[in-house]
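Student: Given chain A's structure and the hints, the job is docking chain B onto it.
Just so you know, the sequences run in chain order A and B.
Just so you know, numbering that gives the first Met the number 0 puts 76 at position 77 of the first sequence, and the rest follows in order with no gaps.
Just so you know, numbering that gives the first Met the number 0 puts 9 at position 10 of the second sequence, and the rest follows in order with no gaps.
No wet-lab data here; the hints were simulated from the structure.
None of the hints are false.
In silico BS3-like links for lysine-lysine, alpha-carbon gap of 25 Å or less:
hint, chain 1, residue 1, chain 2, residue 2
1, A, Lys-42, A, Lys-56
2, A, Lys-30, A, Lys-42
3, A, Lys-240, B, Lys-228
4, A, Lys-240, B, Lys-232
5, A, Lys-56, A, Lys-5
6, B, Lys-232, A, Lys-241
7, A, Lys-30, A, Lys-5
8, A, Lys-30, A, Lys-56
9, A, Lys-42, A, Lys-5
10, A, Lys-241, B, Lys-228
Owing to the predicted nature of the structure, the values given are computational and were not obtained by experimental measurement.
Here's the letter readout for the chains.
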Amino acid sequence: MPLPAKAFQLWLHSVAPTASTADICRISGIKRTTLAQQLVRGKVSESTLVSISRALKRSPLDDLASFDSFAGLAEQPQLPTPAELVSQIATMDLLRAVISRSSPAYGGFGDHGSALTPPLSAAPHATSVRNWVDAIDDGELRHRVSAATGVAPQNYSAQLTANRLAPELAVATSRAAGVGFTGGLVATGLLTEAEAGWTPAAKQAALDALSDGELTALAGERLQSLGRTLRRQEQEHEQTKKIWENLG
Amino acid sequence: MIAILQWSTLAVCALAAIARVPSALRGENRSLFFVYLFLTVAILLSIDAPYVAIDQALGGLNLANLVLRFIIFGAIFALGLRIARGFGADDALRLLTGPVGVAVAALASVAVMVVFLMMDTAGSSAGLIAVHAKDARNALLVEYYGAAGRLYPAYVMLALLPAMLRTVGSRLPGLVRVGAALLAVGSVAITLSLLFPVIPESLAYLRFLINYTAILCLIVGLATIWLSKAVAKRTQEMQTNVTG
Numbered sequence: 000m001p002l003p004a005k006a007f008q009l010w011l012h013s014v015a016p017t018a019s020t021a022d023i024c025r026i027s028g029i030k031r032t033t034l035a036q037q038l039v040r041g042k043v044s045e046s047t048l049v050s051i052s053r054a055l056k057r058s059p060l061d062d063l064a065s066f067d068s069f070a071g072l073a074e075q076p077q078l079p080t081p082a083e084l085v086s087q088i089a090t091m092d093l094l095r096a097v098i099s100r101s102s103p104a105y106g107g108f109g110d111h112g113s114a115l116t117p118p119l120s121a122a123p124h125a126t127s128v129r130n131w132v133d134a135i136d137d138g139e140l141r142h143r144v145s146a147a148t149g150v151a152p153q154n155y156s157a158q159l160t161a162n163r164l165a166p167e168l169a170v171a172t173s174r175a176a177g178v179g180f181t182g183g184l185v186a187t188g189l190l191t192e193a194e195a196g197w198t199p200a201a202k203q204a205a206l207d208a209l210s211d212g213e214l215t216a217l218a219g220e221r222l223q224s225l226g227r228t229l230r231r232q233e234q235e236h237e238q239t240k241k242i243w244e245n246l247g
Numbered sequence: 000m001i002a003i004l005q006w007s008t009l010a011v012c013a014l015a016a017i018a019r020v021p022s023a024l025r026g027e028n029r030s031l032f033f034v035y036l037f038l039t040v041a042i043l044l045s046i047d048a049p050y051v052a053i054d055q056a057l058g059g060l061n062l063a064n065l066v067l068r069f070i071i072f073g074a075i076f077a078l079g080l081r082i083a084r085g086f087g088a089d090d091a092l093r094l095l096t097g098p099v100g101v102a103v104a105a106l107a108s109v110a111v112m113v114v115f116l117m118m119d120t121a122g123s124s125a126g127l128i129a130v131h132a133k134d135a136r137n138a139l140l141v142e143y144y145g146a147a148g149r150l151y152p153a154y155v156m157l158a159l160l161p162a163m164l165r166t167v168g169s170r171l172p173g174l175v176r177v178g179a180a181l182l183a184v185g186s187v188a189i190t191l192s193l194l195f196p197v198i199p200e201s202l203a204y205l206r207f208l209i210n211y212t213a214i215l216c217l218i219v220g221l222a223t224i225w226l227s228k229a230v231a232k233r234t235q236e237m238q239t240n241v242t243g
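Extracted from the complex, chain A is given alone in its bound form (with noise of 0.2 Å):
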C-alpha cells in the first residue's frame, strides 16, 4: 500500500506549511497532474514522497519512518551486510574487479589493486533487486514474505524479474530475513546510498573483503544469469523478426 494521501498532507502542511502545491512540483520535479492524481485517488506514492523529502534538503529516510506503514524503519539503524553491499555493485563492476586482481599480463594490478581502477558506480543496476534478495535469501524467504504480505510467489518473482518491488514488499523482505530495512529501499532505487547512511566507502570495502575464489565465483554466477537473459532476449527478437517478415 502506498502513503495514504492524508497522512501524506499533514506531512507537507508540517515540513512545508507555506508552500503551495505548484511550489512544491516546482522544486521536486514532480508533474502537477501527477501529485493531483494521486492527492485524489488518496495513495501517494513512496518515491513522490521521497522526490518532496530530497527537494526541502530534508532525510527521506527519516520522513517515510514518519509514515505508520514504515515506522521502524530509521529506529535502528541496522547496516547493510556485507552479502547485500556487494550483492548492490553492478556485474560489470565485479567483472572489472576480476580483472583488476589478475597479473599484470592480462591488464591487472595484482591483488592489491590500484588508484587507476574507476569507482562502483552507483545502485541500483540492472539486476540489483533480484541480487539483493538472493542475498539474504536462506531459501525460505520468499515463502515467508508472501505469507506474512499475502503476496503471491508468483507476483512476487515477476517484480524480481523486471527489477522493481513495491517499498513495502520491500520492507517486508527485509523484516522477514531478520536485515536492515535499508537495502531493498536502495536497491529498488527509491533512495540512494547516501540517504540509506551507508557510507560512501562501504560497497568497495565489501568488494575488498572478498577472496578471489569467492570474488570469481560471483562473478561467473553473474555472468550465467546474464546470459541466460540475453540469450532470451535474443530468442524473442529471433521470434519477433520471424513474425515481421512473415506478417509484416
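Tutor: Using the frame of chain A, we list chain B on its own:
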C-alpha cells in the same frame, strides 16, 4: 447499422490493401498484399449492390457467390501459411499443408461445388437469400452450401489459434501481442460462424456481427503487427545490452 458495418469494413480493408501497395512493389510480402486484395473483393461481394452488379455481369446465376467462396478459401489459406510461419507454429503448418489440411480443403471445395450445382441458382442475390426463399429444398441446400463454405476457414483459423494464444502470452513486444490477440479474436469469430445454423432467425443480425468482427479483427490485427515493425524500426528497441 449492418450497412454501416459492411461498408466501413470494406473501407478499412481497401485502405489496408492500398497501404500495402508500395511494399508489395518493393517485393516485401507480396502474398500479404494479395490477401488484403482478396479480402477486399470478398467483402465487396458480400454487400448487396456490388454483388448484384457483378453477378449480373457473370450471367445472373449467382456464380459470383461461388467465386466468393474460393476467393475466401485462397485468402485464408495464404494468410494461414503466413501466420503459421510467422508464429513459428510448425504444428499448425503441418495441419494446413499436410494430408489432413489438403483433405479438408478438397472436401470443402467439392461440397461447395456439388451443392451449388444442385441448387436452382437463377436470380442474383447476395448471400443467396432469394434462393433460400424459393422452396424448402433450396433453403436446405443453401444451409449446406454455407456450412461447407465456412468449414475450411474455421479449420485453418482453429489450427492457428494455439500459436496465436502462445504469442499473446509471450514476452514479445506489446504491439505484436496486441496484433496476435486481435488475430485470435478473429479466429474465434470465424470458428463461431460454424454455429450459424443454430442461431434463430430473430438473432440473424448476430451472423453479420460475427462475420464482420472476424474480418475486421484479422485486418486490424495484421495492421497492428505491421505497425509494430515500423515503430521498432524507429525506436530500435530490438537491441540487447550486455550491461544487463
